[in-house]
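Asks: Chains as they are written, first to last, in the working numbering: chain A, 1 to 435; chain B, 1 to 75; chain C, 1 to 349.
No lab work stands behind these hints: they were computed from the structure.
Misleading hints may appear alongside valid ones.
[To be verified] Derived lysine-lysine pairs resembling DSBU-like cross-links, with alpha carbons at most 30 Å apart:
| no. | chain 1 | residue 1 | chain 2 | residue 2 |
| --- | --- | --- | --- | --- |
| 1 | C | K157 | C | K179 |
| 2 | B | K55 | A | K357 |
| 3 | A | K357 | C | K179 |
[Said to hold, decoys possible] Now the stretches of chain C that chain B is said to cover, found in silico as 3 or more residues with beta-carbon under 8 Å:
| no. | segment |
| --- | --- |
| 4 | 191-198 |
| 5 | 288-302 |
| 6 | 341-349 |
[Unchecked claim] Quick list of the computed label-pair ranges, beta carbon to beta carbon:
| no. | chain 1 | residue 1 | chain 2 | residue 2 | range |
| --- | --- | --- | --- | --- | --- |
| 7 | C | A197 | A | E385 | 42 to 50 Å |
| 8 | B | L61 | C | P123 | 26 to 34 Å |
| 9 | A | I87 | C | A323 | 42 to 50 Å |
| 10 | B | G33 | A | P53 | 34 to 42 Å |
| 11 | B | D31 | A | E392 | 35 to 43 Å |
| 12 | C | E214 | A | A150 | 47 to 55 Å |
| 13 | A | R52 | C | L164 | 23 to 31 Å |
| 14 | A | E297 | C | A197 | 38 to 46 Å |
| 15 | C | A197 | A | R176 | 50 to 58 Å |
| 16 | C | K340 | A | D113 | 39 to 47 Å |
| 17 | B | L61 | C | G306 | 23 to 31 Å |
| 18 | C | K340 | B | G53 | 16 to 24 Å |
| 19 | B | G58 | C | P123 | 16 to 24 Å |
| 20 | B | G53 | A | P149 | 31 to 39 Å |
It should be emphasised that the depicted structure is a prediction, and the values quoted were computed from it without experimental measurement.
Cβ coordinates follow ideal geometry from the N, Cα and C atoms, glycine included.
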Amino acid sequence: MRLELGTFPVSEVRFGQGTRWQDGVLTIDREAVLRAVHDDPLVATASLEIARPGESVRIWPVRDVVEPRIKVNGPGVTYPGWFGRSIETVGQGRTHRLSGIGVTEVSSVNWHDAGGDFVDEFIDMSGPWADLIPQSEIVNVCLVVEPEPALAIQTKNEVVHRATLAISDALAAAVRDLTPPQIEVFELSPAPASLPGVVYIQCVHSPQAMSHSEHTFCTGTYGLTRLTPPWLLHPNEILDGALSGPYRTLFATSWTVVNNPILLDLYRRHGRDVRLLGVIAFRTEWTTQTEKDLMAEQAAKLAQMLGAQGAIVTWDAGGNEYIEVVHTVRACERLGIKTVFLTSEDSPEGGAPSLLKPVPEADAIVTTGFFNTRYLEIGTLPAVERIIGYGEKAAGRAVDATVVGAPLVDSAGAIPPPWRHDDHYGFTRLSSFAF
Amino acid sequence: MISAIYDLALTTGANRVVRGCRIEHVCGNPDLGPDKDHEYGLRIIRTALRALGTKVSGPTLFDPSEETVEAAHAS
Amino acid sequence: MPKPIRVVHYLNQFFAGIGGEASANAPVTVRHEALGAARALQAALRDDATLAATIVCGDNFFHDEHERARSEVREALRILRPDVLVAGPAFEAGRYGIACGEVCRLAAAEGVPAVAAMHPSNPGVLMHRREVLIVPTAASAAGMQEALAPLARLALKLARGEALGSAESEGYLPRGVRKVGFRAEPGYRRAIDMLLAKLGGRPYVSEIPYQAAEMVEPASPITDLRRLSLALVTTGGLVPIGNPDGQTSGNAQKYFRYPIDQLQSLRPGEWEAYHVGYFTHLVNKNPNYVLPLGYMRELEQAGVIGSVHPYAYTLPGVSTSVAQSEMLGRGIAAQLREAKVGACLLVST
Numbered sequence: 001m002r003l004e005l006g007t008f009p010v011s012e013v014r015f016g017q018g019t020r021w022q023d024g025v026l027t028i029d030r031e032a033v034l035r036a037v038h039d040d041p042l043v044a045t046a047s048l049e050i051a052r053p054g055e056s057v058r059i060w061p062v063r064d065v066v067e068p069r070i071k072v073n074g075p076g077v078t079y080p081g082w083f084g085r086s087i088e089t090v091g092q093g094r095t096h097r098l099s100g101i102g103v104t105e106v107s108s109v110n111w112h113d114a115g116g117d118f119v120d121e122f123i124d125m126s127g128p129w130a131d132l133i134p135q136s137e138i139v140n141v142c143l144v145v146e147p148e149p150a151l152a153i154q155t156k157n158e159v160v161h162r163a164t165l166a167i168s169d170a171l172a173a174a175v176r177d178l179t180p181p182q183i184e185v186f187e188l189s190p191a192p193a194s195l196p197g198v199v200y201i202q203c204v205h206s207p208q209a210m211s212h213s214e215h216t217f218c219t220g221t222y223g224l225t226r227l228t229p230p231w232l233l234h235p236n237e238i239l240d241g242a243l244s245g246p247y248r249t250l251f252a253t254s255w256t257v258v259n260n261p262i263l264l265d266l267y268r269r270h271g272r273d274v275r276l277l278g279v280i281a282f283r284t285e286w287t288t289q290t291e292k293d294l295m296a297e298q299a300a301k302l303a304q305m306l307g308a309q310g311a312i313v314t315w316d317a318g319g320n321e322y323i324e325v326v327h328t329v330r331a332c333e334r335l336g337i338k339t340v341f342l343t344s345e346d347s348p349e350g351g352a353p354s355l356l357k358p359v360p361e362a363d364a365i366v367t368t369g370f371f372n373t374r375y376l377e378i379g380t381l382p383a384v385e386r387i388i389g390y391g392e393k394a395a396g397r398a399v400d401a402t403v404v405g406a407p408l409v410d411s412a413g414a415i416p417p418p419w420r421h422d423d424h425y426g427f428t429r430l431s432s433f434a435f
Numbered sequence: 001m002i003s004a005i006y007d008l009a010l011t012t013g014a015n016r017v018v019r020g021c022r023i024e025h026v027c028g029n030p031d032l033g034p035d036k037d038h039e040y041g042l043r044i045i046r047t048a049l050r051a052l053g054t055k056v057s058g059p060t061l062f063d064p065s066e067e068t069v070e071a072a073h074a075s
Numbered sequence: 001m002p003k004p005i006r007v008v009h010y011l012n013q014f015f016a017g018i019g020g021e022a023s024a025n026a027p028v029t030v031r032h033e034a035l036g037a038a039r040a041l042q043a044a045l046r047d048d049a050t051l052a053a054t055i056v057c058g059d060n061f062f063h064d065e066h067e068r069a070r071s072e073v074r075e076a077l078r079i080l081r082p083d084v085l086v087a088g089p090a091f092e093a094g095r096y097g098i099a100c101g102e103v104c105r106l107a108a109a110e111g112v113p114a115v116a117a118m119h120p121s122n123p124g125v126l127m128h129r130r131e132v133l134i135v136p137t138a139a140s141a142a143g144m145q146e147a148l149a150p151l152a153r154l155a156l157k158l159a160r161g162e163a164l165g166s167a168e169s170e171g172y173l174p175r176g177v178r179k180v181g182f183r184a185e186p187g188y189r190r191a192i193d194m195l196l197a198k199l200g201g202r203p204y205v206s207e208i209p210y211q212a213a214e215m216v217e218p219a220s221p222i223t224d225l226r227r228l229s230l231a232l233v234t235t236g237g238l239v240p241i242g243n244p245d246g247q248t249s250g251n252a253q254k255y256f257r258y259p260i261d262q263l264q265s266l267r268p269g270e271w272e273a274y275h276v277g278y279f280t281h282l283v284n285k286n287p288n289y290v291l292p293l294g295y296m297r298e299l300e301q302a303g304v305i306g307s308v309h310p311y312a313y314t315l316p317g318v319s320t321s322v323a324q325s326e327m328l329g330r331g332i333a334a335q336l337r338e339a340k341v342g343a344c345l346l347v348s349t
């Protein structure tokens, strides 16, 4: 599988006549690109707004950020499998991408209505929260979209995300037939056997447990969000968006997954420091011990069958999902696969352990700090001049909105950061230290 | 302690742990239909009572599948 | 010229050079000079500090004549008023390590900053690691020189009132406190570098060391269930429908108790699971899944158990810190003990 990834850097975005890219400037024909969205009769309202790095702008609520990528040649489509998009295996041929930009999905639609999961993230383009998130450094082309109110929640999610993908497709189409200023070839070419074989195990949340449905929108493998046994993916498939769709933090967005620095760095070191063998996409939140342990054993077995001598494990969730993730680390170690685990930490209050379960085999841990922003010493964020999205949000955590009469605050005001940070892929230098 | 994800309880200080069914329905299983669900739930509770009466030296798992069906009256 | 820093060194009889095991019963003595290993500490401190005195105590004496030893050490510190106290290195000597930890705590209570040193497996670490600054050492006295450098450096830092950096940067054992901070490299690079080091057999340092969970002594088994009063507890966030007491949906700050003595079973429509950590609808349809009252009543009526405690306890476990959970658990246990409840079933989700 050989993929040529052509990059068109975007330094400036403006609305204008005709959608085109030239010398880093992306002009967006707002009406034209929104037409595809408005063509869907289930879309009630849709608008596009631009947020630039450094601006005093807050985007709320953010459901996903998608990097515009499009197939130039090779089978399939980028972000395959969603809502009728082709399920053909991707990762071959050529793909063009716009870098430095994302299509930001802004909508009041919640993931599902079974309770427990809430959209609770916002992006600040400047200030202390901006300093901690990668999306503050790209131009956010925000699609503020609402579906027809009478639809079932799953349909609403489909309408909203389909609209986001339509914008992403439309923007990326502007560079499909151009010559990219940068091109990188991604291929797992034969590498010296003396280099250690390494597998990347990417644990991604499935909404099935919390929603009790196989069709709830969330992170998908080829558009499938349900709990499935581990998938073996070629890293090129991930670069073409085969693992996409969001979960509940700014680090679990389509954008961060295609720009995952762990994946990219391992890939670029293939043939030099490692032999990258593949990616195991491990779906989480199984709800019995048996299922959790079975998936962990199978993931480790897959890694072993690939010839892994080493593995890196990451995850994008919290709570009891830790069990199957850390058991995967353990299962790999027990098979002799040397494993590094990158994770955030729970509350350090009272000197208690900050990881859910102590596992002696997990002896190589990289920590990205505490996922709860309360422990990150951020303080209250400064008010902003402009909000993209909605002017109100529930005070504190979004879960407070489950309480009838929860106080609403001005989302442009001086408010605390979102409850969760959680740098799933180690983008930042944020960490924690023992004292 | 009754838990579907019992391993965590066993490794963080609980000494008498009973295997529950699933997080969403710990003491029973709605998929079995009301009669069998009830039988299963009762079995889990009986296992818990057995655990309470068992001497243990450390974290111990009690599995309801090992519980025999008994008459409801105490012997 | 700034006042020279005055250090007092606590040593056992062996390291003070006043005898081996036989002198383990040596009482507390204070000498206004550097004895034994204190001389090596002085050398490590160089001109930055003066070793003003050595406090010596036999390990057995400190343990057997506990009160007297403590009060004499305390008295000595009050008279000497050093800028910092150093205790050990105790290496693997358990009694010595425990004594070093206690002496450091005594010193702290007297306003004297203190630092100890011992092997990480020394029981003194388990006992004192949260309150006492401890430099890890080798297992045997062969590691003396190696231990003295960080010990001296930390002693000077404490004496000067300088802020302490992280455990890994300063070379002391973590005391159970973790704080946010930035590292030199982003997480992804650290992860790949750590993996390459691990694969290459090179040393690496896990950013979160393994910490064994606290085990609990099992309670004695119930000898006669028929006499038993048994309580039901759940972390599934079960509340009367409408959540009249405003239980939060997670991050429990309190637990709640509800009377169930008039109830044969928990009926749908009368209870709900208010909890953001699991799919709650099935429990809403049958609350007995997390508070198995119906089954308990059957067994109560059949004479298998004595009685069900009239109160059921509930809280929303999700996103509740370990420290908070311990506090809530202790609270519930205290109430149950006071009510002479013999046992409880805790159902977690």
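Asks: All hints are to be evaluated individually against the structure, with a verdict given for each.
Replies: Verification of the supplied hints:
1. K157/C to K179/C: Satisfied, since the Cα-Cα distance of roughly 20 Å is no more than 30 Å.
2. K55/B to K357/A: 25 Å, holds
3. K357/A to K179/C: At roughly 19 Å apart (the allowed maximum being 30 Å), K179/C and K357/A satisfy the hint.
4. 191-198: violated (count 0)
5. 288-302: With 10 residues in contact (Cβ-Cβ under 8 Å with chain B), the coverage given for the segment 288-302 of chain C holds.
6. 341-349: Coverage by chain B holds here, the residue count being 6 at a Cβ distance below 8 Å.
7. A197/C to E385/A: 42 to 50 Å: 47 Å, holds
8. L61/B to P123/C: 26 to 34 Å: 30 Å, holds
9. I87/A to A323/C: 42 to 50 Å: Roughly 47 Å apart at Cβ, these two residues keep to the hinted range, so it holds.
10. G33/B to P53/A: 34 to 42 Å: Given range 34 to 42 Å: violated, Cβ gap about 58 Å.
11. D31/B to E392/A: 35 to 43 Å: At roughly 41 Å between Cβ atoms, E392/A and D31/B fall inside 35 to 43 Å, so the hint holds.
12. E214/C to A150/A: 47 to 55 Å: 53 Å Cβ-Cβ, so the 47 to 55 Å window holds.
13. R52/A to L164/C: 23 to 31 Å: With Cβ atoms ~42 Å apart, the hint is violated.
14. E297/A to A197/C: 38 to 46 Å: At roughly 27 Å between Cβ atoms, A197/C and E297/A fall outside 38 to 46 Å, so the hint is violated.
15. A197/C to R176/A: 50 to 58 Å: The hinted range 50 to 58 Å is violated for A197/C and R176/A, with Cβ atoms some 43 Å apart.
16. K340/C to D113/A: 39 to 47 Å: 45 Å, holds
17. L61/B to G306/C: 23 to 31 Å: 26 Å, holds
18. K340/C to G53/B: 16 to 24 Å: 18 Å Cβ-Cβ, so the 16 to 24 Å window holds.
19. G58/B to P123/C: 16 to 24 Å: 20 Å, holds
20. G53/B to P149/A: 31 to 39 Å: For G53/B and P149/A the Cβ distance comes to about 57 Å; the hint is violated.
Hint check: violations occur at hints 4, 10, 13, 14, 15 and 20; the rest are consistent with the structure.
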